[in-house]
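Asker: With the hints as a guide, dock the two chains, each given alone in a separate frame, to form the complex.
In order, the protein sequence lines correspond to chains A and B. Numbering-wise, the first sequence is residues 1 to 469 according to the working numbering. Numbering-wise, the second sequence is residues 1001 to 1079 according to the working numbering.
Just so you know, the hints here were simulated from the structure itself, not pulled from any lab data. By construction, the Cβ of each residue, glycine as well, lies at the ideal position given by its N, Cα and C atoms. There's no promise every hint is true.
Only some residues are given here: those of chain B computed to face chain A with a beta carbon under 7 Å [stated by the list, open to error]: (1) Leu1004; (2) Ala1006; (3) Thr1018; (4) Asp1034; (5) Gly1040; (6) Ala1044; (7) Ile1058; (8) Val1059; (9) Ser1063.
When the alpha-carbon atoms are kept at most 20 Å apart in a straight line, the in silico PhoX-like pairs for lysine-lysine are as follows [to be verified]: (10) A:Lys348 to A:Lys151; (11) B:Lys1026 to A:Lys202; (12) B:Lys1009 to A:Lys444; (13) A:Lys151 to A:Lys169; (14) A:Lys271 to A:Lys378; (15) A:Lys102 to A:Lys39; (16) A:Lys309 to A:Lys367; (17) B:Lys1031 to A:Lys71; (18) A:Lys39 to A:Lys162; (19) A:Lys71 to A:Lys117; (20) A:Lys398 to A:Lys348; (21) B:Lys1026 to A:Lys207; (22) A:Lys207 to B:Lys1009; (23) A:Lys348 to A:Lys364; (24) A:Lys378 to A:Lys462; (25) B:Lys1066 to A:Lys202; (26) A:Lys435 to B:Lys1009; (27) A:Lys169 to A:Lys100; (28) A:Lys435 to A:Lys100; (29) A:Lys207 to B:Lys1066; (30) A:Lys382 to A:Lys411; (31) B:Lys1023 to B:Lys1066; (32) A:Lys202 to B:Lys1031; (33) B:Lys1031 to A:Lys444; (34) A:Lys214 to A:Lys151; (35) A:Lys207 to B:Lys1073; (36) A:Lys435 to A:Lys453; (37) B:Lys1068 to A:Lys207.
Residues of chain B placed beyond 12 Å of chain A at every Cβ, according to the derived structure [claimed, not checked]: (38) Phe1015; (39) Met1039; (40) Glu1054.
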Amino acid sequence: MWNLNQFKNNIAVITENGEKITYEQLNKYCRELTDQIGKRCLVFNLCKNEIGSLVGYIGFLNAGIVPVMLKADLDDELLSECINTYKPDFLHVPLDIAQKFKDCEKVYTHLDYALLKTPYNNVFELNDELALLLTTSGSTGSPKLVRQSYKNIRANTASIIKYLEIDEKERAITTLPMNYTYGISIINTHLMAGASLVLTEKGLMQKEFWQQLKESEATSFGGVPYTYEMLDRLRFFRMQLPFLTTLTQAGGKLAPVLHEKFAKWAQENNKKFVVMYGQTEATARMSYLPPEKAVEKYGSMGIAIPGGKFSLIDVNGIDITEPETVGELVYEGDNVTLGYAENGTDLKKGDERGGKLVTGDMAKFDKDGFFYIVGRKKRFLKIFGNRVNLDETERMIKSNFSNIDCACCGKDDMMSIFLTDSVYNERVLNFMTLKTGLNRAAFKIHDIDEIPKNEAGKTLYKELEQYYA
Amino acid sequence: MTTLEAYTKAFTDTFGITDEEAKNLKFQDIKAWDSVGHMGLIAAIEEAFDIMMETDDIVDLSSFDKGKEILKKYDVEID
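Bound-form chain B, shown alone (with noise of 0.2 Å):
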């Protein structure tokens, strides 16, 4: 699975949606990506790239690509 595969399924999996769907999403852009589903995605996504995310950007990631970029800091490149 490429990096790019991991980092959409735990959105697909989180929301119950397509690859499709999730890329361009935004944060309460469908009912469930609230903060409770925030918080099961924030745990997808550490989980996938075994890290542990830090504050400012578990709040900051309010996108799909907002979350690639801020996911470079922890040396994950998605492609």
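Excised from the complex, chain A in its bound form (with noise of 0.2 Å):
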């Protein structure tokens, strides 16, 4: 995937501490890591943005070995899950965390992560396509994997580096977790352009990161909308960062006056904002608004990446040519994933799509052909840029508490969820941070008598809304 000699001497990476790591140095981690594997096989790698994490995906990846990438700290129970599910041959994770392991026996060690003998062998064949596999919903941790190709990735990856003029030049520094569709978009990119990635487990809210961003005089990053709204709170644009030129944004819709904001200030300072849109269906990216429309159509998830194209469809299928009219976003490109799997068979399975994804968001275009995001068919929010399945936590919330009646619905970034007894909210809303590994912050719990349903049983979602739209 990755030619990384051909930048040697290039910075590839800068870590926490302050150690500067070069792609040949990179390349010889990530070779001493997969020789011990030696064979294409599953490998689970528990992502941390750190440098042993880093050499674990692109090892994997350069040397055929399909990486399932999961967070570091998801909840034990769904991770076994996970395993029992999927049967990797080794998971590579965080030195402090493997003795949790008990059934595996670690093979190498290397820059605080271990490598560890799963005692699956092979067990599911893998398409020969098939190059990565994340999760949809990184939060309730569901077993139901997108499958990555090779020319997924590259196909999106030159394509991101092109929209946005990634060069050698550049310096990113993680904003985004690493087994997330965005942080690992940023990952490859970078190092497909021989430009440098700073490494930080440290967030927005710490000194440490600040510092580190100056120090290491990182370029851009990349935030998903609460990114954005802890930056204003922070006062970002009084801050004096002369070598931050780039800011990107994803993960869902920023609110248009953030957007605007964002985007007058980078006019006026001399800086990119640059508002996008994607889907880890569509291995990452699948629009952009370039920098220099953003104060003139903020509010717009702009066009279709170099290579893609955006259509939408009408509740019959047809397509829709009238400006302002709102349809089912269709996108079409080589980034468009093979599909889904649920369980160890589905990993032989070829493409399933064909290059075509039909999104599930509801978007509208202007006379200009600027889209527009408007809605989304599917019941599901993006809470600090993750997708929440909303059947799925309300699901996870009856089969726990089996006296209760629930409903989940909400906005982004707001979970309401409604209980029909009240004793119970602190229980379910710890439990649900538990769970999700979301901060408690992005739950509201409502008491109401009884969930409205109609005959059939079915919960009426509309009448909910009342209470908290």
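Answerer: Here you go:
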């Protein structure tokens, strides 16, 4: 995937303690790791924004080993469910949690990561095109995975490099997890272009993050809508960050007022603010709003990326040609992934989409051909950039608290949970934060006597809107 | 309500913890105090004392005790 030695002496990575790692060194680390495996197989990479995790990801892809990218602090129960479902040959995990995996044997340690051999050996056949597996909903840890091919990653990476004009001089600091498609796309593009990555586990609300950003002279970072709300609260516009030139945004629709604010700041300070749209199902990116249009077209997610094409279809599947008409967004391009896997046998499946993705997002375009997301067909929320399936969370609550009825709905970054017995409020809140790993600020519990339902017993979510809209 | 009570309440309300638990709390000691929780905490403190904190102070407020010290700059004595 990456020809690392092409940029031999360039700095590939700057770590949290300031260590600089060249492309040549990175290549060596990758080979030393993958030589321990020596065959094409499935590996779980438990991710952190650290060099060990990165070496795993890059090494595995370069050696034809298929990684499943999961967050390192995934709930134990959800993790074992994933392991039981897919039976990977190896686990590549932070050294400090390696002892958790009792039935595995530690075969190699490096860079604070351990490679563990599981009791499984090539249990499931892997399709030749299959490169990488990512979760659809990082937070609920559903074992449903998106199957990405080598072609998908190459196509999307080349396209992003083109429209963001990423060259060897760029230096991106990590603000997104490595198991998250948007975080991965930043890694993919920068290492393909010979640029540098500044790895940090620190967040925007920590002093160390800003110190590292300044010291490493980082030129860009990406953020989900919530990131931009935090930046706004941090009085970001008053900061002096001369090296920082590009900010990108994806992972949900940014409030138009914030979009405008950041676009104007960028214009006035000679920076680039690039709003984008994508899905794991499309490898990462499908659209971008060219930065020179940011002020004029704020609120829009822009146009299709180079090599991609959008269309809108009405309820009958007919193409919409009139501007300002809402329809379901359809994308075509080489970055449309192969399909999903819900169990091990799905890993041998080939391309099920033929380069066409019906996104599930409702959109319209204006007279100039710029697209705007207006809603969603399916019941899920984006919380801090993570897709959270509402039917799934409802099921989780009901199966864990059998004496209450509940309904989950709400807005992005704020899930409303309706419960019929207030005695359980705190327990449900704790359960949800534990299982999803999301901050409690993402949930609001509402007391209700009865969940409104139709005659067939289906929850009438519309009637609940009055309580949170 | 004393300033200490108001200050403590910002922590207990934001993180869903007791007064006792708030007292020696540091950033990331509990799951609720991550970046998202931090933003909520800052909002609660700013509202409680009707102040607007500077960036450096927002990112420096990494413990219950540290916050008390920082608030002095805004003429808020926690006692």
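Asker: Are all C-beta atoms of chain A more than 12 Å from that of B:Phe1015?
Answerer: violated, 8 Å
Asker: Decide if the proposed pair is consistent with the structure: A:Lys348 and A:Lys364, CA atoms, cutoff 20 Å inclusive.
Answerer: Distance of about 37 Å is beyond 20 Å: violated.
Asker: For a C-alpha distance cap of 20 Å, please report whether A:Lys348 and A:Lys151 respect it.
Answerer: Between A:Lys348 and A:Lys151 the Cα gap is close to 16 Å, so the pair holds against 20 Å.
Asker: Verify the interface restraint on B:Val1059: the C-beta must sit less than 7 Å from at least one C-beta of chain A.
Answerer: Hint on B:Val1059: holds, closest Cβ of chain A at ~4 Å, below 7 Å.
Asker: Does the alpha-carbon distance linking B:Lys1009 and A:Lys444 stay inside the 20 Å limit?
Answerer: With a Cα-Cα distance of about 19 Å, the restraint between B:Lys1009 and A:Lys444 holds, given a limit of 20 Å.
Asker: Just to be careful, I want the Cα atoms of A:Lys309 and A:Lys367 compared with a cutoff of 20 Å; is the pair within it?
Answerer: Distance ~17 Å between A:Lys309 and A:Lys367 Cα, so the pair holds.
Asker: For the hint on B:Thr1018, does the least C-beta distance to chain A fall short of 7 Å?
Answerer: violated, 12 Å
Asker: Sort out whether A:Lys162 lies within 20 Å of A:Lys39, counting only the CA atoms.
Answerer: violated, 33 Å
Asker: Find the nearest Cβ of chain A to the Cβ of B:Met1039 and say whether that gap is larger than 12 Å.
Answerer: Answer for B:Met1039: violated, closest chain A Cβ roughly 5 Å.
Asker: Quick check on the hint: B:Gly1040 CB to chain A CB, less than 7 Å?
Answerer: Check passed: Cβ of B:Gly1040 comes within 5 Å of chain A, closer than 7 Å.
Asker: Just to be careful, I want the Cα atoms of B:Lys1023 and B:Lys1066 compared with a cutoff of 20 Å; is the pair within it?
Answerer: holds, 11 Å
Asker: Hint check: B:Lys1026 vs A:Lys207, CA-CA at most 20 Å. Holds or violated?
Answerer: With a Cα-Cα distance of about 14 Å, the restraint between B:Lys1026 and A:Lys207 holds, given a limit of 20 Å.
Comparing the model with each earlier hint shows violations of hints 1, 2, 3, 6, 9, 13, 14, 15, 18, 20, 22, 23, 26, 27, 34, 36, 38, 39 and 40; every other hint is respected.
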